[in-house]
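From first to last, the protein sequence lines stand for chains A and B. Quick note on our numbering: the first sequence kicks off at 414 and runs consecutively. Quick note on our numbering: the second sequence kicks off at 17 and runs consecutively.
Be a bit skeptical, because a hint or two may be false.
As the list claims (entries may be wrong) - Restricting the straight-line Cα-Cα distance to at most 20 Å, the calculated cross-link-like pairs of lysine to any residue (SDA-like) are:
no.	chain 1	residue 1	chain 2	residue 2
1	B	Lys46	B	Val156
2	B	Lys180	B	Ile90
3	A	Lys794	B	Glu179
4	B	Lys180	A	Leu611
5	B	Lys180	A	Val802
6	B	Lys53	B	Glu78
7	A	Lys794	B	Val156
8	A	Lys676	B	Gln172
9	B	Lys180	A	Leu797
10	B	Lys180	A	Glu808
11	B	Lys117	B	Lys180
12	B	Lys53	B	Glu153
13	A	Lys725	B	Glu78
14	B	Lys98	B	Asn86
15	A	Lys677	B	Ser211
16	B	Lys59	B	Gln76
17	B	Lys37	A	Lys677
18	B	Lys59	B	Thr163
19	A	Lys725	B	Leu145
20	B	Lys98	A	Gln606
21	B	Lys180	A	Arg597
22	A	Lys600	B	Gln172
23	A	Lys725	B	Asn75
24	B	Lys53	B	Met107
25	A	Lys600	B	Lys67
26	A	Lys600	B	Leu209
27	A	Lys600	B	Ala99
28	B	Lys53	B	His116
29	A	Lys677	B	Gln202
30	B	Lys180	A	Ser614
Because the hints were derived from the structure by calculation, they are not lab data.
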Amino acid sequence: MENFADVQYILTSFLMLFAGALVMWMAAGFAMLEAGLTRSKNSVVILLKNMLLYAVSSIMFYLIGYNLMYGGGGSFMGDFNFVLNGISYGDHSLMADFFFQVVFVATAASVISGVVAERIKIWGFLIFVAVLTAVIYPIQGHWSWGGSSLGGLMEGFSDFAGSTVVHSVGGWAALAGVLLLGARQGKYNSRGQVNPILGSSLPLATLGTFILWLGWFGFNGGSVLAMGTKENVDSIAAVFAATNMAASFGAVTAAILTQVLYKKVDLTMVLNGALAGLVAVTAAPNMGMLAASVDGFVAGILVVFSIIFFDKLQIDDPVGALSVHLVNGIWGTLAVSIWNPEVTFFMQLKGVLIVGLFTFSASFILWYLIKISIGIRVDAKHELDGVDVHETGLEAYPEFSKKG
Amino acid sequence: MKQDWKLIQSFQKKVKLMNDKDRYVASVRKARAEHGKWLNAVKVMVSGFEKNKDLVALNQSESPFGVWLNEEAILLSTINSKAALIDVEEMFNECYSLYHKIYHRLFNTKNSSLLSSVFGINKVSVDDLKLSEHYYEELVKKSDQLTNKLRVYENQVQANGEEKFEGLYAKETIFIKEESVEIKTQRYYRGSLISDD
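Same shape as in the complex, but just chain A (with noise of 0.2 Å):
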């Protein structure tokens, strides 16, 4: 039995090491879908911002964000311990966990990246990333996963992998960002039209798509927690086939849907109907290929609309992030209570609002700081030119730029 319990141990603490892999590179896949929906003039600030989001949030929240989520029994937060310590696990080994935890951490942080690219200052945006990995990610995140239910007050709140936790966060995060930055120059002219600031890489775009999607598997299957049993491998192989299948349904969405508004399919809105179906199932990838399906198909809608809400209230979003992971996540989570007979609609809808209140508010707040101190936006000459040139001083594509 001593041994069996070892090889859960084992198996177990696999799967997160396993789908923390798959979920790290995500990373990447953030990384080129913002890269090939922006201007190539801005393309290294915007890897570079990927590159280091991810590994600010790797040493925050090992520094002070897990402890904050997972350690001790406050109802607001946990312990305030500088560098993990104080916990262990019986079942699943304590780094393995922490590998998994941290790269969803990184996840949401990249989720503003794109919201804010082209116009952001690298310092005010890495600043806002490590206190969002440190602190404002890990308080939210111990109402739900650290089990504290916030005093009661998020009792029965149900998200499995983080449609809400993780990625309505990041949302909440850009959103109040965002609204602090302003739109890029010449997005909107005064008569409030939009006009399409295209961007340099489809293909990269494409690229980006496909990686996110592929780690989601890890997002979601390693979710399970567990592969001790054949049970446990059971859910984690449905949850695998829930995922495809709601980021199928979100693709062929949005992929009919434009081309029944626009008589041509934008491809742009397609790989973001996938990925809108990716956030919406998260947040219950356990409920079969019914549910997973109808997340997908509104999640396909709902992302097209969105973008072009968000366009109308001039908020400018260059990768559709907020429509992605913002609006989706808000639907995934409450879709649960039409899935889960054990989850009510109200209950949904209180943690929604509750985790979007703080989240949304401490950002909104840590953003204005940065904005009145350091400042959050480049010089306009800088943005006209491209930031890469005026932040880093190097081009993505310097071949290409050179004469003669």
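Position chain B against the provided structure of chain A, taking the given hints into account.
Just chain B now, kept in the frame of chain A:
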């Protein structure tokens, strides 16, 4: 006509050292000046100082401005300022329609005698002359609109970054012409109409 075309070519040689944006802007200015010359040539014809009916090309695509419009202006229209160029093209067509009316009044030989035709002494009737002067006045107004539109277009072009013009002159004109027809259909990016102007 060949002389005019050679002038444009020599001008283009001079601007080879400029970057593509400056070169394009210079070509817009040059085209505006060419249209002014064209208008003066018509004026000379209407005033009777010049009897040579070949002074101004009847086919608009052979006039210096028409050459610019069809061969050079269109290069940028594939990426920018298409609406302004469409307006310019329409105004230029209207100018030429008026010029055709003037030409018809000044050089219509249908009613002239064989003798006068042989000796080249076709006289323009007073009525035809008045009508051609009337058409010329309309032509001047239309040309003013055209040159104003060209100034607007020039400002729009100036407002663009240099990167938009990079490699502009390296492209094959014929290829660009075909492509410009292709993109006349409406295009959307993330739910927003891609404007060509």
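Now the hints, each set against the structure:
1. Lys46/B - Val156/B: 19 Å, holds
2. Lys180/B - Ile90/B: 14 Å, holds
3. Lys794/A - Glu179/B: 15 Å, holds
4. Lys180/B - Leu611/A: 13 Å, holds
5. Lys180/B - Val802/A: 17 Å, holds
6. Lys53/B - Glu78/B: 14 Å, holds
7. Lys794/A - Val156/B: 42 Å, violated
8. Lys676/A - Gln172/B: 30 Å, violated
9. Lys180/B - Leu797/A: 13 Å, holds
10. Lys180/B - Glu808/A: Within the cut-off at roughly 17 Å; holds.
11. Lys117/B - Lys180/B: 40 Å, violated
12. Lys53/B - Glu153/B: 16 Å, holds
13. Lys725/A - Glu78/B: 47 Å, violated
14. Lys98/B - Asn86/B: 13 Å, holds
15. Lys677/A - Ser211/B: Holds - the C-alpha atoms of Ser211/B and Lys677/A are around 16 Å apart, at most 20 Å.
16. Lys59/B - Gln76/B: 17 Å, holds
17. Lys37/B - Lys677/A: 33 Å, violated
18. Lys59/B - Thr163/B: Given that 20 Å is the threshold and the Cα spacing comes to 17 Å, the pair holds.
19. Lys725/A - Leu145/B: Distance ~58 Å between Lys725/A and Leu145/B Cα, so the pair is violated.
20. Lys98/B - Gln606/A: 18 Å, holds
21. Lys180/B - Arg597/A: 18 Å, holds
22. Lys600/A - Gln172/B: Holds - the C-alpha atoms of Gln172/B and Lys600/A are around 16 Å apart, at most 20 Å.
23. Lys725/A - Asn75/B: Given pair Lys725/A, Asn75/B is violated - Cα atoms ~47 Å apart, limit 20 Å.
24. Lys53/B - Met107/B: Answer holds: Lys53/B to Met107/B is near 17 Å, not above 20 Å.
25. Lys600/A - Lys67/B: 55 Å, violated
26. Lys600/A - Leu209/B: 12 Å, holds
27. Lys600/A - Ala99/B: 19 Å, holds
28. Lys53/B - His116/B: The hint holds at about 17 Å.
29. Lys677/A - Gln202/B: 9 Å, holds
30. Lys180/B - Ser614/A: 16 Å, holds
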